[in-house]
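A.B. asks: For reference, the chains in residue letters:
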Amino acid sequence: MECENIDSFTPQTINIVTMRKVITISILLLGIVNQSCKGPAVPRFQYEKAGDFIKKTNIAKERPDLKAHLKGGDLVFLFNNWQIDTVAGFITGEGQRFDYNRRIRKEGDLKFSMDSVLIYEMNEDLELADGMMALFPLAIVNVAVTLACITNPKACFGSCPTFYTEDGNVFEAKGEGFSNAIAPSLEYGDVDDLKTSTRSDNFKIIMKNEAQETHCLKAVELWALPIDDDQNALMTRDKDFFSSSSQIAPISAYADGKDVLNTLLESDRNEYFSAADAENLASKEELILEFEASELNQEQALVLDFRQSLMTTYFIYSAMAYMGDEVSDVFAKIEREKDLYSKLDNGLKSELGELEVYLWNEELKEWQLQGALYETGPIAVNRQIVPLQKMSSSQSVKVKLLMNKGLWRLDYAALAKLDQKIEPLKLQPSQLKKNGSAHLFAKQQLLNADQHLISLPGDFFELEYDLPDANQKYALHLYSKGYYMEWMRNEWLGDKNLLKLNQMMNHPRRYLKREAEAYKEYELVMEEVFWSSQIESKKVSSYEN
Amino acid sequence: MKTRIIISLALLSFLLGGCSYYKHLEDESEFNKSTKGSFIRVWVNLDENSFETKEYHGELIAVDSTQLYIIAVETEVDSVCTALSKSNIESFNLYYAKPNTAFWSIPVFTGFTITHGVFLIATAPLNLLVTSLTQGHVLRASRSQESDLNLDELATFARYPRGIPAGLTIEDIH
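Those sequence lines, one after another, are chains L and A. Add 32 to the 1-based position in the first sequence for my numbering, that's all there is to it. Add 50 to the 1-based position in the second sequence for my numbering, that's all there is to it.
Hints are computed from structural coordinates only; laboratory data are not their basis. Glycine included, C-beta positions come from ideal geometry on N, C-alpha and C. Hints are not guaranteed to be accurate.
[Stated by the list, open to error] Part of the chain L face toward chain A, derived, beta carbon under 8 Å:
id, residue
1, 71
2, 104
3, 160
[To be verified] Below, computed lysine-lysine pairings styled on BS3-like, alpha-carbon distance capped at 27 Å:
id, chain 1, residue 1, chain 2, residue 2
4, A, 83, L, 93
5, A, 83, L, 81
6, L, 466, L, 236
7, L, 143, A, 86
8, A, 148, L, 70
9, L, 103, L, 81
10, A, 104, L, 70
11, L, 88, A, 86
12, L, 432, L, 422
13, L, 70, A, 136
14, L, 70, A, 86
15, A, 83, L, 87
Just chain L, with the same shape it has in the complex (with noise of 0.2 Å):
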């Protein structure tokens, strides 16, 4: 499914079994370094003869109090203008004198024995840790974040529905639903892939909006394909479903000469991403990846788990800014004339192209296209195949990802052998919980065909679907269509500028060379700061210049 926007990392959105861990790992640490670290170097120090006392204070930077302690528990404290005449054997000075119990027994000019002194004591001042001092480089931090989001807040404020299934204890998210569908004329079906599978008589799936939308639901299925133990389900762009009992890992994956196999090698999150280019949005790359040959001419795709970089949901947010106060005027006309919302979509669209997939043919000496992918939407990570023509030779195989720089995550390569063709069982719901309650008219909406779901901002919902046999193993996709209306921010009507949103529809391709300063400003912020410093096991990115 796809999804132009991101607003499902809002507070409601951060995983809570994810928070709690991190919660506790905070409370340990605390306790840990409170318990493992060294004290404090205490800067005082106690002599038994006055003159080492003399010494030691003569290299003071500032001449220190005197803190002299009696032979009968009493002590003498004396401001710096203390004199010790080792001749007579007296000490004089302003200050106080206390008895054993500290109380003050005389103060003012005081003069006494050097015999009755114990120990001469010299303090100097004492330096703790400061607990706010080492938190400004980490507020500095939060006030640029804050400044950023304020300066741009459509980077980091919208979104559309987001899907999450159980795996154990933890809910990750698993899909994006019709995030393009931004008007009621534009509503559409999607399928994702749950990457999960289960042999069992139901599964659960939770849905929430977390953003400033209305969102209108009208279907959201469980596909479940049937698939032997050793199987996998693999889709194609075309929602063609294959059973695939083998896949193989990439010997070698090269994007500019770089080294980047690693990034490829697991679905974990540890994404090859490359920056924008400074001077055109629209500048490509090329990614490519050789397989060990297999068996030979048998059916065979490339897999490719992959989602967008922050770019697109950039340009939405920036095409419904530029709309400032007229953003109803120009929705109302998008329903009335759908060739409008053609050139606002695919006029960037056609400039940044699609995740094209290329194979090498040795025979012909050239590159010859298979078939292009494209999802919208950088939280969940898309899992497609493209199926490769027959290769004929036992030589290794040879892919080439051609796409624009700077759009694209890619998670996980592999070169699948494709057994058969599969059909999706497609479910409803057996049971809908609206907030956590039971809600029939929900699930009425829910399943009758002329009627939407609406979802609003918190809603949560969490949808059981039954499966026929709980003896069989099931690979699972989610089918869900609708549209959302997305709401229009106070934030958002100050930046309004119909130039350049017809600039953006009209003249793309001048768009995105204009645009590259604005946008690296925030890819640079934005970017890194979310993808370099995600505290989460499994989420750290590379990033490639």
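Got chain L sorted already, so can you dock chain A onto it with the hints?
C.D. replies: For chain A alone, coordinates are given in the frame of chain L:
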């Protein structure tokens, strides 16, 4: 999960337990002028066959070859000095001054990330971890424990650095 919560709560109460003694500590700037012994918490094992320890806390009065003397600070003038056998002491925390902690920064910094929109998913845990680590470090860096000082070295920070003065008994000390 239950165990994790219990451990977390125990650690938290342990840490916050330390905070309850702050009221007895002077400000960092007063360290030079302090005329009394430093505040100390001592854990003593009175039964060799048990892991149970008993906590004593108060002003460190003196340390001699066999005993450590502290006086409870909570009961003011009626406090009596307690002698603890050094051989029974399991651990201690010696506080020099009020730590410059800013525990408020943990919820405030973490909560502030709500203004980061989408980036909250990264910045909220980052803030929680960094602020927790920082405050844990600050707390630790304000005191010494058995890994930093041995029991004899504690004498430097006692009211009477060379032991109970001759002619005084522990009953005389308040």
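A.B. asks: Now, for every hint given, state plainly whether the structure supports it.
C.D. replies: Quick rundown of the hints versus the structure:
no. : hint            : result
1   : 71              : holds (4 Å)
2   : 104             : holds (6 Å)
3   : 160             : holds (5 Å)
4   : A:83 <-> L:93   : holds (18 Å)
5   : A:83 <-> L:81   : holds (21 Å)
6   : L:466 <-> L:236 : holds (13 Å)
7   : L:143 <-> A:86  : holds (22 Å)
8   : A:148 <-> L:70  : holds (17 Å)
9   : L:103 <-> L:81  : holds (14 Å)
10  : A:104 <-> L:70  : holds (24 Å)
11  : L:88 <-> A:86   : holds (23 Å)
12  : L:432 <-> L:422 : holds (16 Å)
13  : L:70 <-> A:136  : holds (22 Å)
14  : L:70 <-> A:86   : holds (24 Å)
15  : A:83 <-> L:87   : holds (21 Å)
Violation of the numbered hints given earlier is absent; every hint is satisfied by the structure.
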